[in-house]
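Asks: Going line by line, the protein sequences match chains X and B.
Take the first sequence: its letter number 74 is residue 74 in our numbering, and every next letter is one higher.
Take the second sequence: its letter number 130 is residue 1130 in our numbering, and every next letter is one higher.
These aren't lab readings, by the way, just hints derived from the structure by calculation.
All figures in this text were calculated on a predicted structure; none of them were measured in a lab.
Incorrect hints may have been included.
[Unchecked claim] Which stretches of chain X does chain B cover? Using the computed rule of at least three CB atoms under 8 Å from a CB of chain B, they are:
1) 58-71
2) 89-96
3) 160-171
4) 222-230
Beta carbons are placed, not taken as given, at the ideal position from N, Cα and C, and that holds for glycine.
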Amino acid sequence: MRRPPVGWFTGSLVRATSLTDSARSLTFSVPGWPGNLAGQHVDLRLTASDGYQATRSYSIASVGPDTDVELAVERLPDGEVSPFLVDDLEVGDSVELRGPLGGWFVWRPEHPEPVQLIAGGSGVVPLLAMTRAHTDARSTVPMQLLYSLRTPEDALYRDELQQRSSTTPTTWHYTRTVPPGWTRAAGRLTPDDLRSATLPPERGPLTFVCGPTGFVETVARGLIDLGHQPDSIRTERFGGI
Amino acid sequence: MAIFGGRRRNDNPNLPPGQHLTESFPVLSAGPTPSISADDWEFSIRTEGGDIHRWSWQELLALPAEDVTVDIHCVTSWSKLGTGWRGVSLDTLFADVDTGLDYVMAHSYGGYTTNLPLEEVLEGRAWIAYEYDGEPLDPEHGGPARLLVPHLYFWKSAKWVRGLVMQDDDYPGFWEENGYHLHGDPWREERYA
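Model the full structure from these sequences, guided by the hints.
Replies: This is the structure:
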């Protein structure tokens, strides 16, 4: 089988940077980590002093065989685990990680199809990993990202995405507040936006959509209305309805 | 060193290991939500002899329905306790089905599949559910009808179910091909292969 076995590993925090007011990049050194594909996720487990444990799933921002694993975590207002990871966890602290997980919402450099990535908010993390994999593989397959955000301040990895604009260009879309000088007014992603900012069905793209449930439902329905085949659209949703 | 305190305690005896409670109803699907009208909807069971037992939407609704309150457990570690569903027991649907095979593959509109042992979907352990919380089942949650097998992780409860095909072995379905456990018992934490 192509997959390495899934087990628990100990990860020690070696690097942490603030991405936005509410999101933080956390890089763990994970001895024994078998590496991961772009788009996979991991279960992260914390243990309290009385033995109580809490486990949550996070997308992996890093990609490849390295044993350093980068996660990007957004603080959920009523979260139990994410506020601790964003606000409290210190370099040198350890967590447990199980993975890599997921074999469907992944991009492999050997995929021949052009790739359209569509992110809503912090749903950009596994898609960022795909642009990293594209760069690492020096892939010549067309890959582009449509990134929908509430405000410019909510952007994760803006500098990195912009540096990669010649190989995996990003179209930025703002739903609440636009940057100064932006020509389009803030607003929801419309069918016209989708048509103009994504690869058309005639090019036979593989499309990855990740974001909050409502966003993914709207985008996936819009893509089908544009003529995309349902089985060419892979989705990852977070949050309830 | 930061000390994790944790806010909630998993002292609920109905919570399987490694799970936490959620009040919302998260949605996890591998692709777009299919749109299936009740007029076009059909459910079937196919046996090794080639017999196909079919039910239209109206025929399904005409069968005896059960209201069940069950706990559901997602492999991504959320659980939701005491959820209310209405649907038709698979015992009812299998009443006239003659098969010597021990496994089924559930197939969904949209192409999803998941494998199950036959004995785990009989004797009051599985339903074709079409109402959630007293309302018609939302498309995002698998409407018009989904399989409900609450004693296994919820990926086994195939959304948008369109039929069951008997199979001679426990061949893997969609997520089972993609790294998830063939069986999926939450109390034994059968999450990943």
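Asks: In ascending order, which of the hints set out earlier in this document are inconsistent with the structure?
Replies: Of the numbered hints, 1 and 3 do not hold.
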